[in-house]
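Take any residue in the sequence shown, count from 1 to its spot, add 16: that is its number in our numbering.
Please keep in mind that the hints were generated in silico from the structure rather than gathered at the bench. Incorrect hints may have been included.
Cut-off 30 Å, straight-line C-alpha distance, at most; resulting in silico cross-link-like pairs (DSBU-like, lysine-lysine) [stated by the list, open to error]:
no.	residue 1	residue 2
1	Lys141	Lys75
2	Lys78	Lys141
3	Lys141	Lys81
Cβ-Cβ distance ranges computed for the label pairs, FRET-style [stated by the list, open to error]:
no.	residue 1	residue 2	range
4	Pro73	Ala40	48 to 56 Å
5	Glu41	Leu70	41 to 49 Å
6	Ile80	Ile50	27 to 35 Å
7	Gly46	Phe139	33 to 41 Å
8	Ala169	Ile62	21 to 29 Å
9	Leu61	Leu39	44 to 52 Å
10	Ser52	Val127	14 to 22 Å
11	Arg84	Leu168	20 to 28 Å
12	His42	Tyr66	22 to 30 Å
13	Gly46	Glu153	41 to 49 Å
14	Ala40	Trp108	35 to 43 Å
15	Ile179	Ala49	40 to 48 Å
16	Glu153	Ala40	53 to 61 Å
Note that beta-carbon positions come from the ideal geometry of N, C-alpha and C, so glycine has one too.
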Amino acid sequence: MSPTPAPSPASSPGTAGVDAFSLAEHLGLGALAIVSYAVLGVLLLIIGFYVIDLAIPGKLSKMIKEDRNPNATLLTTSGLAAVGLIVAASIWSAGGALHEGLLVTLVFGLVGIAVQTVGMVAFDKVAGISVRELVQEPELQPGARLLAVTHLAIGLVTAIAVI
17 MSPTPAPSPA
27 SSPGTAGVDA
37 FSLAEHLGLG
47 ALAIVSYAVL
57 GVLLLIIGFY
67 VIDLAIPGKL
77 SKMIKEDRNP
87 NATLLTTSGL
97 AAVGLIVAAS
107 IWSAGGALHE
117 GLLVTLVFGL
127 VGIAVQTVGM
137 VAFDKVAGIS
147 VRELVQEPEL
157 QPGARLLAVT
167 HLAIGLVTAI
177 AVI
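Can you make the complete structure from the sequences, with help from the hints?
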């Protein structure tokens, strides 16, 4: 006959505090990590926006907000989605202590933004589609759709490379 397992000892007031403190400490550190990565992610997205703004002729905020240009909007949206993929992959691949993970995310995120931008500009040149002309068109153009999908693909490839 197998021995009957002994019942778990009831928590004494002294041990309950240790468990509760560990849980509170774990939750606090987890919340700090979430906030830290979110802030860094938003900063990298802002950097990504300005890099896209430099790569696309004209002032993006004006073309999107005032001119309501669908081509500039689509290219910016796809570029930011690609940057988001790269940043998410950077966070995913970051390990270790929080400060190490944030540093890895920052470096991989910035390198990813640079690689994605170079890839975007190179593909635009190879495909022979003038972004300058696209963003001056008031109607959504097939070339903008092609470049948008290409930007997402480059961002995905770069994100996987980060992992």
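For this session: Check each numbered hint against the structure and report the violated ones by number, ascending.
Result: 9, 12, 14 and 15
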